[in-house]
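The chain contents come next:
Number of protein chains: 2
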Amino acid sequence: EYDDKAEATHRVDSLNLLIYVILLLITILTVWLFKQRRFRFIHETGLAIIYGLIIGAIIAYAIKKPEEKKGNDYFNSTNQSTVNPVSVFNVCSHQVETVTESSKNELQEKASIFFSHFFNFFFIYATFDPEVFFNVILPPIIFNAGYQMKKKHFFRNIGAITVIAFIGTTISTLVIGGLMYGFVLLIKSTKLTMFTDCLLFGAIISATDPVTVLAIFNDLNVDVDLYAIVFGESVLNDAVALTLTKSIESYKSAKSGFDGMAFLNCLAIFMKIFFGSLLFGCFMGGVTALLTKFTKLKNYPTLETSLFVLMSYATFLASECLDLTGIVALLFCGICQAHYTYNNLSATSQNNTRELFSLMNFLMENFVFTYIGVSTFTFQYHSWDAGLTIFAVFSVIVSRMCHIYPLSFLLNLGRVHKITCNMQHVMLFSGLRGALAFTLAIRNTSTVARQTILSITLIVIILTVFLLGGFTTQIIYWLKISIGLNINPDVMTNDYNFLRFYDGSSSGFLLEGRSSAASICDSIQIIPLFKRNFKKLFSFDLVFIKPLLTNHEPPLTETLPKCCFPIAKLLSSKEQLT
Amino acid sequence: EYDDKAEATHRVDSLNLLIYVILLLITILTVWLFKQRRFRFIHETGLAIIYGLIIGAIIAYAIKKPEEKKGNDYFNSTNQSTVNPVSVFNVCSHQVETVTESSKNELQEKASIFFSHFFNFFFIYATFDPEVFFNVILPPIIFNAGYQMKKKHFFRNIGAITVIAFIGTTISTLVIGGLMYGFVLLIKSTKLTMFTDCLLFGAIISATDPVTVLAIFNDLNVDVDLYAIVFGESVLNDAVALTLTKSIESYKSAKSGFDGMAFLNCLAIFMKIFFGSLLFGCFMGGVTALLTKFTKLKNYPTLETSLFVLMSYATFLASECLDLTGIVALLFCGICQAHYTYNNLSATSQNNTRELFSLMNFLMENFVFTYIGVSTFTFQYHSWDAGLTIFAVFSVIVSRMCHIYPLSFLLNLGRVHKITCNMQHVMLFSGLRGALAFTLAIRNTSTVARQTILSITLIVIILTVFLLGGFTTQIIYWLKISIGLNINPDVMTNDYNFLRFYDGSSSGFLLEGRSSAASICDSIQIIPLFKRNFKKLFSFDLVFIKPLLTNHEPPLTETLPKCCFPIAKLLSSKEQLT
Chain A
1 EYDDKAEATH RVDSLNLLIY VILLLITILT VWLFKQRRFR FIHETGLAII YGLIIGAIIA
61 YAIKKPEEKK GNDYFNSTNQ STVNPVSVFN VCSHQVETVT ESSKNELQEK ASIFFSHFFN
121 FFFIYATFDP EVFFNVILPP IIFNAGYQMK KKHFFRNIGA ITVIAFIGTT ISTLVIGGLM
181 YGFVLLIKST KLTMFTDCLL FGAIISATDP VTVLAIFNDL NVDVDLYAIV FGESVLNDAV
241 ALTLTKSIES YKSAKSGFDG MAFLNCLAIF MKIFFGSLLF GCFMGGVTAL LTKFTKLKNY
301 PTLETSLFVL MSYATFLASE CLDLTGIVAL LFCGICQAHY TYNNLSATSQ NNTRELFSLM
361 NFLMENFVFT YIGVSTFTFQ YHSWDAGLTI FAVFSVIVSR MCHIYPLSFL LNLGRVHKIT
421 CNMQHVMLFS GLRGALAFTL AIRNTSTVAR QTILSITLIV IILTVFLLGG FTTQIIYWLK
481 ISIGLNINPD VMTNDYNFLR FYDGSSSGFL LEGRSSAASI CDSIQIIPLF KRNFKKLFSF
541 DLVFIKPLLT NHEPPLTETL PKCCFPIAKL LSSKEQLT
Chain B
1 EYDDKAEATH RVDSLNLLIY VILLLITILT VWLFKQRRFR FIHETGLAII YGLIIGAIIA
61 YAIKKPEEKK GNDYFNSTNQ STVNPVSVFN VCSHQVETVT ESSKNELQEK ASIFFSHFFN
121 FFFIYATFDP EVFFNVILPP IIFNAGYQMK KKHFFRNIGA ITVIAFIGTT ISTLVIGGLM
181 YGFVLLIKST KLTMFTDCLL FGAIISATDP VTVLAIFNDL NVDVDLYAIV FGESVLNDAV
241 ALTLTKSIES YKSAKSGFDG MAFLNCLAIF MKIFFGSLLF GCFMGGVTAL LTKFTKLKNY
301 PTLETSLFVL MSYATFLASE CLDLTGIVAL LFCGICQAHY TYNNLSATSQ NNTRELFSLM
361 NFLMENFVFT YIGVSTFTFQ YHSWDAGLTI FAVFSVIVSR MCHIYPLSFL LNLGRVHKIT
421 CNMQHVMLFS GLRGALAFTL AIRNTSTVAR QTILSITLIV IILTVFLLGG FTTQIIYWLK
481 ISIGLNINPD VMTNDYNFLR FYDGSSSGFL LEGRSSAASI CDSIQIIPLF KRNFKKLFSF
541 DLVFIKPLLT NHEPPLTETL PKCCFPIAKL LSSKEQLT
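Chains A and B, in that order, are what the protein sequence lines are. Numbering of the first sequence is given in the UniProt record's numbering, commencing with residue 1 and proceeding in unit increments. Numbering of the second sequence is given in the UniProt record's numbering, commencing with residue 1 and proceeding in unit increments.
Hints listed in this document are in silico derivations from the structure and should not be mistaken for laboratory results. Just so you know, these numbers come straight off a predicted model, no measurement behind them. Check each hint, because a few of them may be wrong.
Identical chains share a label here; the pair holds if one copy fits it or two copies do between them.
With a cut-off of at most 30 Å between alpha-carbon atoms, the simulated DSSO-like pairs for lysine-lysine come out as follows [claimed, not checked]: (1) K569 to K298; (2) K574 to K35; (3) K298 to K536; (4) K418 to K298; (5) K298 to K151.
Kindly produce the complete structure, drawing on both the sequences and the hints.
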């Protein structure tokens with residue numbers, strides 16, 4: 001009996017996964033077909049959603065589902081976050097048994113009951129544990145974003161990116177939260193009632209994911225600064241939105257009304273989580289760099305690649321254990337791995353890690369979008385509300401306007417290469433919502449408010465992916481954004497070139513004087529306040545951190561003052577000294 | 001409340017995974033150290049087990065575990081195959097609450113209770129769902145075995161490998177089952193009582209996994225035939241043992257006493273499952289080959305690699321849905337992917353797929369062995385029995401003697417390159433047990449008999465890995481096995497060379513006559529019965545299947561008779577025709 005049950009569970013389980021694998025395969029083949037035909041209207045993520053929607057609709061409507069409510073009630077009474085397949089099976093098989101006993105020998109009826117229950121079971125079970133998204137699907141996507149970042153342009157626009165990511169996301173959260181709360185009060189909604197829920201929705205939906213837009217930018221070789229700002233914003237604001245969500249949740253759980261102290265407390269939590277995760281991620285990246293520098297793992301690429309992958313995953317797990325956010329830690333770990341560890345790896349491992357993470361990124365991303373499509377129909381805890389949804393879409397657009405235009409204006413005061421009006425329109429347009437917003441929304445659906453948030457989030461994601469994603473090419477042509485420039489070759493560029501470029505002098509920076517205040521050159525495009533500090537940080541990195549963590553030239557023995565020679569020698573690898 | 005619960009579950013979950021990740025990291029660093037020092041006594045899998053045992057012992061004994069029994073009883077009453085973290089947490093937190101209420105303000109006591117419960121919870125939860133091993137951990141290992149197979153030597157020794165894998169594994173199962181049943185009757189054991197259970201144990205423990213031995217063979221460049229036979233046996237006998245296990249389970253569930261019909265039925269099930277899976281695996285490999293041949297996915301390596309990975313995983317899932325065994329299907333799918341699809345892939349994808357699967361193989365394998373170590377102490381359903389265990393070890397050795405020596409004698413009658421006595425000793429010695437035996441044993445622990453089987457299997461695995469694995473180098477030197485030969489370069493060798501070699505003629509085989517019975521050359525090392533059929537099969541592959549599925553030269557238009565020209569042209573890619 002036990003064997004049979006396990007067997008049946010296992011088979012439905014496999015079938016469930018198989019459906020997603022087949023959907024992904026179809027997506028891949030269609031993507032290839034579209035690429036062949038140079039058809040850019042729908043991106044792969046859009047395709048994944050479409051196929052997901054189709055299958056979701058089939059599961060939800062084409063298959064007869066008797067006693068569906070019963071199944072749902074069963075799950076509502078138990079804890080929903082871990083739908084237990086065996087208990088589902090128990091319910092189903094019990095129902096089958098009771099029915100079959102009363103109508104023996106009626107083979108046809110039996111079979112029909114079996115199948116309807118099977119599909120009912122499948123319908124209930126076709127939802128993955130939300131934790132899977134957070135622990136398995138999202139980490140490779142986020143790590144890959146950090147690891148494959150085009151450093152040069154990112155750092156050139158670090159000022160604009162930071163401002164838009166931090167202040168912009170906060171503005172967006174507040175505006176959406178405020179607008180939604182006003183609307184909720186106006187229509188006296190029963191689904192969303194509390195201000196903190198509206199704010200939570202604001203934070204969740206503020207995470208942009210312009211995977212479609214960037215793919216098109218890449219195809220068209222669009223203006224480098226625009227690319228860097230859109231990419232940088234989307235990467236960093238995931239981290240900001242996630243931390244905001246966590247802060248609001250802990251603010252909410254404090255259950256005190258709005259007051260100054262609670263708000264400050266919330267801010268302190270935000271700072272602690274964000275910078276704690278940032279530092280922890282960088283620390284783990286540094287440890288990996290040191291491990292790869294001082295061991296000769298280089299000679300065994302499999303060991304080296306394994307170490308790299310495991311250290312990165314350990315970063316995620318450890319920061320989750322420490323009550324930080326693994327996603328933020330992983331992002332900065334990825335940036336550090338690319339900046340330091342990458343240089344210590346063997347050529348094989350360099351290639352393997354890059355290919356491995358972009359493959360995982362591709363698979364995971366498309367899986368999420370397929371699942372978004374399927375779960376729009378099959379997820380059991382939807383709480384639809386047309387009014388709220390329409391207003392949410394409106395407030396999402398308004399909130400993006402509220403931070404892109406004013407912040408761009410402020411940034412332009414300090415920038416040499418201005419963010420043009422047309423670029424601002426494209427930035428406004430690139431506010432797609434994706435994997436992170438979905439993961440945050442589906443992670444907790446224990447209350448009606450949370451279920452409403454999930455349903456609205458799903459619609460916003462689907463709308464933005466189709467409408468914004470679909471028209472990006474046209475918009476870029478209409479707004480006459482400069483295209484055809486080459487932005488690809490510098491994924492892992494030599495930093496000396498960057499510093500020289502940054503410094504405005506072609507001669508070596510280090511040999512002339514470490515802390516010399518270089519003349520402000522035309523190509524520096526960050527606001528003045530940041531400029532000097534950032535420059536100091538960068539030269540500190542080049543003089544101290546890079547030689548410490550990598551086999552980078554010149555070694556510490558040359559960059560540090562003479563008095564530190566013994567320590568410097570200890571911290572340099574043989575490779576550096578010879 | 002819900003949030004807190006989910007949060008706590010999530011954190012313990014992360015901590016659990018983190019411990020395994022750290023163990024793997026330590027293993028990797030130790031492996032590197034041992035490789036540097038050329039220390040061959042302990043292989044990485046042995047190290048993984050040792051670290052696992054240490055941590056398992058710490059969790060089990062060093063940490064105080066009050067009310068452990070209570071936790072266990074709770075799980076015994078529910079269904080054990082899916083230990084539900086939330087219900088565990090409920091139990092723990094409920095206990096904490098009841099205790100804390102009665103002893104308020106006693107902070108220290110509170111904390112100690114919390115920690116003991118936390119570790120208790122951890123102790124219970126440190127076991128993964130056994131299905132994880134079967135669905136996530138094992139597939140990459142098995143697929144990799146098929147994909148990285150050194151085809152040339154494998155096919156040269158196909159006769160010996162098939163005989164030892166099929167007949168040998170069956171003999172081994174019967175001998176172990178018989179001996180164990182005799183012993184059970186003798187000591188009147190209460191833990192193992194039925195003959196089918198003994199037979200099941202025989203089948204489970206007959207799957208060899210000479211990962212350590214092969215690693216050493218590789219290092220020493222040992223005799224190619226010996227390598228091929230040991231590798232081929234271990235790969236194929238996994239499939240045979242798994243199918244035998246499944247057949248015995250379904251035989252057992254039929255619940256009739258031993259009779260001829262039931263035995264025949266069992267045999268029929270074996271044939272159906274084995275050859276069904278084999279054909280399905282090959283079919284899916286063929287579909288992948290066709291997909292990669294006729295689409296130009298080559299230009300998009302990420303899409304191509306994704307397709308490859310997903311098709312292979314779909315093979316596993318689909319065959320599980322079809323009531324075949326995914327592992328067997330995956331093995332043959334891997335072989336077909338290497339033989340056909342590999343040739344259609346772009347250079348990037350060829351490299352990426354090979355590196356990806358060997359990386360996954362490395363990680364999964366070491367994870368399994370770490371888990372074997374940990375679960376020896378922490379698994380809750382152990383049923384130890386010293387007498388049975390000692391006798392099991394004895395019968396495992398006897399059973400391997402019972403098939404290696406007689407079968408080698410029989411094989412030598414037909415072989416030109418005899419299997420020498422010393423080689424037979426090494427083959428006897430290479431009967432390590434590993435991942436598959438463990439997965440089969442842990443998959444079902446619903447009865448005392450099954451729990452006993454698991455406990456014995458764990459001990460046999462650990463003993464064989466340490467004793468047999470540790471002394472392999474010495475044994476090879478003692479028995480004067482020829483070493484220093486190069487066996488590596490032919491991972492993906494050109495088959496023409498093989499056929500020429502096989503054929504004994506240096507001129508092209510195809511051009512001279514397709515079905516000509518070539519003279520029996522000295523290098524053919526398979527028994528005569530197989531020889532001609534295998535040769536026919538091979539030339540059929542070269543004339544029809546390879547040109548059909550790959551961009552291999554010559555195309556079908558040249559190899560098929562003139563009358564089939566239109567069809568042949570349709571089935572040839574542009575690349576082949578030009």
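Checked hints:
1. K569 to K298: Within one copy only: 21 Å inside a chain, 48 Å across chains, cut-off 30 Å.
2. K574 to K35: between (48 Å within a copy, 19 Å between copies)
3. K298 to K536: neither (32 Å within a copy, 46 Å between copies)
4. K418 to K298: neither (44 Å within a copy, 41 Å between copies)
5. K298 to K151: both (24 Å within a copy, 29 Å between copies)
Going through the hint list in order, the structure does not satisfy hints 3 and 4.
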